[in-house]
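Counting in my numbering, the sequence shown runs from 270 upward without gaps.
No lab work stands behind these hints, which were simulated from the structure alone.
Among these hints, one or two may not hold up.
The list that follows gives simulated cross-link-like pairs (lysine-lysine, DSSO-like), each with its CA atoms no further than 27 Å apart [stated by the list, open to error]:
id, residue 1, residue 2
1, Lys1135, Lys647
2, Lys1222, Lys974
3, Lys775, Lys407
4, Lys1087, Lys477
5, Lys974, Lys936
6, Lys1222, Lys1372
7, Lys407, Lys491
8, Lys1222, Lys1090
9, Lys1086, Lys974
10, Lys445, Lys827
11, Lys1222, Lys1235
12, Lys1376, Lys1235
13, Lys535, Lys1086
14, Lys307, Lys535
15, Lys477, Lys1086
16, Lys1222, Lys1135
17, Lys1000, Lys1086
18, Lys974, Lys652
Cβ-Cβ distance ranges computed for the label pairs, FRET-style [said to hold, decoys possible]:
id, residue 1, residue 2, range
19, Glu993, Ser897, 31 to 41 Å
20, His1044, Asp895, 35 to 45 Å
21, Ser375, Tyr492, 33 to 43 Å
22, Ser897, Ile825, 15 to 25 Å
23, Lys488, Asn381, 34 to 44 Å
24, Ser375, Trp1351, 51 to 61 Å
Glycine included, every Cβ here is placed at the ideal spot set by N, Cα and C.
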Amino acid sequence: MERCAARPAAEEERRVRANAREYNEKFQYASNCIKTSKYNIVTFLPVNLFEQFQEVANTYFLFLLILQLIPQISSLSWFTTIVPLVLVLTITAVKDATDDYFRHKSDNQVNNRQSQVLIGGVLRQEQWMNVRVGDIIKLENNQFVAQADLLLLSSSEPHGLCYIETAELDGETNMKVRQAIPVTVELGDTSQLAHFDGEVICEPPNNKLDKFGGTLYWKENKYPLSNQNMLLRGCVLRNTEWCFGLVIFAGPDTKLMQNSGRTKFKRTSIDRLMNTLVLWIFGFLVCMGVILAIGNAIWEHEVGVCFQIYLPWDEGVHSAFFSGFLSFWSYIIILNTVVPISLYVRACCPAPVTPRHPPCSVEVIRLGHSYFINWDKKMYCAKRRTPAEARTTTLNEELGQVEYIFSDKTGTLTQNIMVFSKCSVNGHSYGEVQDMLSHKAELGERSKPVDFSFNPLADPRFQFWDPSLLEAVKLGDLHVHEFFRLLSLCHTVMSEEKSEGELLYKAQSPDEGALVTAARNFGFVFRSRTPKTITVQELGQAVTYQLLAILDFNNIRKRMSVIVRSPEGKIRLYCKGADTILLERLHPVNQDLSSITADHLNEYAGEGLRTLVLAYKDLEESYYRDWSERLHRAGSAPEAREDHLARLYDEVEHDMMLLGATAIEDKLQQGVPETIAILTLANIKIWVLTGDKQETAVNIGYSCKMLTDDMTEVFVVTGHTVLEVREELRKAREKMMDASRSVCNGFSYQKKLSSKLTSVLEAIAGEYALVINGHSLAHALEADMEVEFLETACACKAVICCRVTPLQKAQVVELVKKYKKAVTLAIGDGANDVSMIKTAHIGVGISGQEGIQAVLASDYSFSQFKFLQRLLLVHGRWSYLRMCKFLCYFFYKNFAFTMVHFWFGFFCGFSAQTVYDQYFITLYNIVYTSLPVLAMGVFDQDVPEQRSMEYPKLYEPGQLNLLFNKREFFICIAQGIYTSILMFFIPYGIFADATRDDGAQLANYQSFAVTVATSLVIVVSVQIGLDTGFWTAINHFFIWGSLAAYFAILFTMHSDGLFRMFPNQFRFVGNAQSTLAQPTVWLTIALTTVVCIMPVVAFRFLKLDLKPELSDTVRYTQLVRKKQKAQHRCMRHAGRVGSRRSGYAFSHQEGFGELIMSGKNMRLSSLALSSFAPRPSTSWIESLRRKKGSEGSGAGSPGCAADKTLRI
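Working from the sequences, and respecting the hints, build out all of it.
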């Protein structure tokens, strides 16, 4: 594989010459070569070992191994340490080699993708990694711009236009237009492009997606370049057969990658806590070593000197002090098992392709949890054949501790599909289907959709469920006809007929596509347009209207209009736009009709539908002629052109006649509202971070039930300066504080800001929401205002950030991580979400319609947002529970095992003699106690998965970190120390006076060692049985199998056969058989077991009786479940009521009206078309269906309607 080019020093400007690789290569610009692998065959072993020994634990145990090789220090054989160390190093190396193999494989797949590159005047299929800055690339329709940021040179469309989707970049699904500069438009032939040698001087690489500045120098002339001339990496070419582009930025220099952020190594909160605990344990180990070393020095000084004849000091030891010094290191070796190596070794990489062989017990458990996620059939999407995938093994338990979710909107919460759902025409609402009893019909109870077979040009995929609207069309209702005539004329859609009878609409926004398609099916078929005409097939008859003017849409006007002349010569203005704008511009005679329509709009908005109001106005010929002349002069004005045009538009769009309103469903992904509701009940806060416009985002907020009409206030922050944003945030906080004081009868709050930003605002009364735009967010994220913004946002139940850049998404996540110290999760489906996915503690990628960039950067991936509920509440909660129980038990059993040596030191002259034989010490954690705790860590559960979903409050212990923290750690340590005391002193006391069956003294070192070891294995096995909440056959097999393995190995180690083969290694010959044959020994073991276990059993029974946890309650009663199900049914069927709010949301873009009127986007064949004969055709709309809703009642004046959204 070719070596990836290194990035040069920071650029001040970029120079790129077309078709001149040698010239461009001297600047050492980044290439497209991807290299994520770390090793090759030669470097693997040394580099991998170097990396492994950078871990403190591995270095620590290597140090212990060196100590064990010193005879004066070690009282244990070297293999007791080297066996587990080599095992860990080997398995980790195998895992790393496997992971790196898949990285090599992934790198090769990406680098070897094919691109059409112009080389030597010929288009060649070139590997992606070989694309260089200055190359000319050809793209084709629907192709993903994956290689680089390109300067558009020419295209198949007139005037060098091309259409793109930028959902990967900014989250918007509406099409945008890009245009080549005029001087390169004619370079559509490869021979002409081969001779193109223009040089571009432009800005250096940066993360500004909406800005580009540069100049093209060619043929001694210079031409300015802007963002309108650029095709950025991440966009998709649409409705354009082909285009050519010049590579300006490649690889990591592209604007998309500049916004992606750096990949961060992610560790769980438990891992970070473990770092602290291991340091404490190591300190405890040193303290024990010091105590025993001092004891050894004192004993040797006071007692040991008296026995020098037959207990001489080792060679080189000449004083009691030096003996104590050596004893310190001996005890460090013996007691090192309190620092468990398998809990503190290198975790897996942040995001490997698949979870592979992990190196330790913790990673075995995490691997099992990852495979449970991968194998979960309830998280499998059959439609896309996409299973859930855990792309890392290190973060599973963190899934059970999430407090904040940051979600993208487009493609994550929504499906990017618009559906014409309902409409209101002349005061009559259509789209609501009723059953025989005049009740609203549910989706499954509806009859067949409306039959449009009368219309040969109808889109067969369009569905509408109310037949009365089609009946009104067939009966000749003039208002309905005019309604659909407006929809077929007032738009910027382009129509193309690629083959006989195949009508294809190119809509600049999905909203317009849905509206024009609806008009098409109801008999008003938009057929074609020229710069001056629009042809519509009206109920089978072709009618051509003269297009006089297009009053274009923008975010300030929130409306668009067309002025047309009918074949009869009548001039009429058709207008569609936001209800808050158009209802104020109606003629007074529409007062009653506008009141009824406003009620319908309120009903539609309450169902989360996107609404537009339709109106028209007849114009006198003389007035239009005068207005048109003034419009022409305003369009030619050298200064303030937009202001002059806006005033003329405003003048003509008054005193209009109301036709009705449309309601479009921006289809949510299945289960989104329910998932958000359940996660909210689990005390998880959800923030939506989207690049889409404010109206669209707010509308989706209501559809998802994040925003409701029952909320006390919805604050909208739109300030353009630092002072404006600060003032708006201050007013929002004051309103919340004032409301809380009034509710609390003047209770005085004390504001306190700690490291976790504990604020009084988080305990306010009432429900609030915050909506903030990207330009305001840029100021709010500044260092001197970020705390104020975070306080305000955290006091709100819902937060929506609109028009945000990918980098701002990451900054918001980082802000919450910095001050709240809470576990964050980011979920998205596009490349614009990669930055926040990498920044959050946990990144989730949706494998949707916007490529795989988010999935590749994620820690977990699946196909639908609703699976997040199961990922967190089931898999995340279980993983956290299992890991916490595993760690508690692991520390308990290791301290119970190790501390026996400490107590024994006081009775063996502090000589560093071990209680157990060295083989028991080696096998204790590897064989005797490893499998039962692994089974518990992999399979245990406190409640079934159904209960985990039904009772979201079960999730809160993870958020509060209740199951494993410093307090729980000390409790486990205390229990382990308590067990070790009983484990040593009960046999010690009994053996002092006990005798064998033959009357001989029972007490001897070997019998005592066997008794203590057997008691220990039985006690920890009984304890694991008590800790196990969910028994499987594997649990039974591992627990009883481990006990059986202990006795089998014990008798084998003490057998005559091994002694004869290895007399120096197996000196306890026959000891196990003789010791365990004594009833006194078994009574001692039984007594020790009972005394160790009974306090634990008693405490748990009392706790269950006096202070049960929610999981205990869920297990033993169904009462809570029944109440919750009843509440859920009520909540599900309750309709939303509240004051009037606008449902306007229109994802349209300014500029298409002027483009159409200029004729630049039309082919010559289209200009000549004026009428068509009726032909059968199909539409581009993929899926249309009707959403269930509730029937509204009552009417109210729009003038007195209160908008629930407060604009600060």
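Verification of the hints:
A hinted pair counts as satisfied when its Cα atoms are at most 27 Å apart, and Lys1135 with Lys647 qualifies at roughly 11 Å. Distance restraint check for Lys1222 and Lys974: the Cα-Cα separation of roughly 20 Å lies within the 27 Å cut-off, and the hinted pair is therefore satisfied. Distance restraint check for Lys775 and Lys407: the Cα-Cα separation of roughly 22 Å lies within the 27 Å cut-off, and the hinted pair is therefore satisfied. Only pairs whose Cα atoms come within 27 Å are accepted, and Lys1087 paired with Lys477 is accepted, the gap being roughly 25 Å.
A hinted pair counts as satisfied when its Cα atoms are at most 27 Å apart, and Lys974 with Lys936 qualifies at roughly 14 Å. With a C-alpha separation of about 20 Å, the suggested pair Lys1222 and Lys1372 falls inside the 27 Å cut-off, and the hint holds. Simply put, Lys407 and Lys491 have alpha-carbon atoms about 24 Å apart, close enough for the 27 Å limit, and the pair holds. Proposed proximity of Lys1222 and Lys1090 is supported: the alpha carbons are some 21 Å apart, at most 27 Å.
With a CA separation close to 26 Å, the supplied pair Lys1086 and Lys974 stays within the 27 Å bound. Our distance criterion of 27 Å between C-alpha atoms is met by Lys445 and Lys827, whose separation comes to about 18 Å. Taking the CA atoms of Lys1222 and Lys1235, the gap is near 23 Å; set against the 27 Å cutoff, the hint holds. Proximity of Lys1376 to Lys1235 is assessed by CA-CA distance (about 21 Å); at most 27 Å being required, the pair is judged to hold.
A threshold of 27 Å between alpha carbons decides the hint, and for Lys535 with Lys1086 the separation of about 13 Å falls inside it, so the pair holds. Proposed proximity of Lys307 and Lys535 is supported: the alpha carbons are some 18 Å apart, at most 27 Å. For the hint linking Lys477 to Lys1086, the alpha-carbon distance of about 24 Å falls within 27 Å, and the restraint holds. A C-alpha spacing of about 18 Å is found between Lys1222 and Lys1135, which places the hinted pair at or below 27 Å, so the restraint holds.
At most 27 Å may separate the alpha-carbon atoms for a hinted pair to count; Lys1000 and Lys1086 meet this at roughly 25 Å. For the hint linking Lys974 to Lys652, the alpha-carbon distance of about 26 Å falls within 27 Å, and the restraint holds. For Glu993 and Ser897, the hinted distance range of 31 to 41 Å is satisfied, since their beta carbons lie about 39 Å from each other. Roughly 39 Å separates the CB atoms of His1044 and Asp895, a value that falls within the hinted 35 to 45 Å.
In this structure the supplied range 33 to 43 Å holds for Ser375 paired with Tyr492, their Cβ-Cβ distance being about 41 Å. For the hinted restraint 15 to 25 Å between Ser897 and Ile825, the CB-CB distance of approximately 23 Å keeps it satisfied. Checked against the given bound of 34 to 44 Å, the beta carbons of Lys488 and Asn381, roughly 38 Å apart, stay inside it. Remark: the range hint 51 to 61 Å for Ser375 to Trp1351 is upheld by a beta-carbon distance near 59 Å.
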